[in-house]
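S.K.: Sequence:
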Amino acid sequence: MNEIEIAKFMRKITRLMYVSFGLWIFIVVIQFVIGLATLAVGYGFATLCLMIYNLIGCIRYMKVINSFRHFSTKPEAAAAVSYFENSIGWCWVFMFVNLVLGGIIGFVGNLYDLILAYYVKSKKAELLMPSGVPGEIEVPNPRDYE
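Start counting at 1 in the sequence shown, then tack on 900, and there's your number in the numbering used here.
Think of the hints as simulated: they come from the structure by calculation, not from any bench. Hints may contain errors.
Derived BS3-like pairs: lysine-lysine, alpha-carbon spacing no greater than 25 Å straight-line [what the hints assert, rightly or not]:
hint, residue 1, residue 2
1, 1024, 963
2, 912, 1021
3, 908, 974
4, 974, 1024
5, 974, 912
6, 1023, 974
7, 1021, 963
8, 912, 1023
9, 1023, 908
10, 908, 1021
11, 963, 912
12, 1023, 963
13, 908, 963
14, 974, 1021
15, 1024, 908
16, 963, 974
17, 1024, 912
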């Protein structure tokens, strides 16, 4: 991919990341409502703590989205791929934690993030392949010499 194609792909990824962000904000709102409703029982305090944790995660995620939106070079694309590859393990962990603890909406949020991470990982070779732009190393095709 060249820089224009990388920029186009990163805009697509950031749109998908905004969907994830919206889903997690929805989860935070639900946790707030459930936390307030069950505060007297004691379960509400734990839910409000998880809400704060998820809200901090949303704020950090928004910073990542804003930086990814402007990515257009191979090193920046490599950083984005690395970000998603590193998040796969944590997505699996929190997906099963949500499933065990009954957080069905959190499970769905993690599942969406996992699908997004695997999608970016599947495009890794295409993103990082040399494009023939001057200054980049291009691997010769053996059939060119036949």
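S.K.: Determine for every hint whether it applies to the structure shown.
M.R.: Evaluated hints:
{"no.": "1", "hint": "1024 - 963", "result": "holds (22 Å)"}
{"no.": "2", "hint": "912 - 1021", "result": "holds (14 Å)"}
{"no.": "3", "hint": "908 - 974", "result": "holds (13 Å)"}
{"no.": "4", "hint": "974 - 1024", "result": "holds (11 Å)"}
{"no.": "5", "hint": "974 - 912", "result": "holds (16 Å)"}
{"no.": "6", "hint": "1023 - 974", "result": "holds (13 Å)"}
{"no.": "7", "hint": "1021 - 963", "result": "holds (21 Å)"}
{"no.": "8", "hint": "912 - 1023", "result": "holds (12 Å)"}
{"no.": "9", "hint": "1023 - 908", "result": "holds (13 Å)"}
{"no.": "10", "hint": "908 - 1021", "result": "holds (16 Å)"}
{"no.": "11", "hint": "963 - 912", "result": "holds (17 Å)"}
{"no.": "12", "hint": "1023 - 963", "result": "holds (23 Å)"}
{"no.": "13", "hint": "908 - 963", "result": "holds (19 Å)"}
{"no.": "14", "hint": "974 - 1021", "result": "holds (14 Å)"}
{"no.": "15", "hint": "1024 - 908", "result": "holds (15 Å)"}
{"no.": "16", "hint": "963 - 974", "result": "holds (20 Å)"}
{"no.": "17", "hint": "1024 - 912", "result": "holds (15 Å)"}
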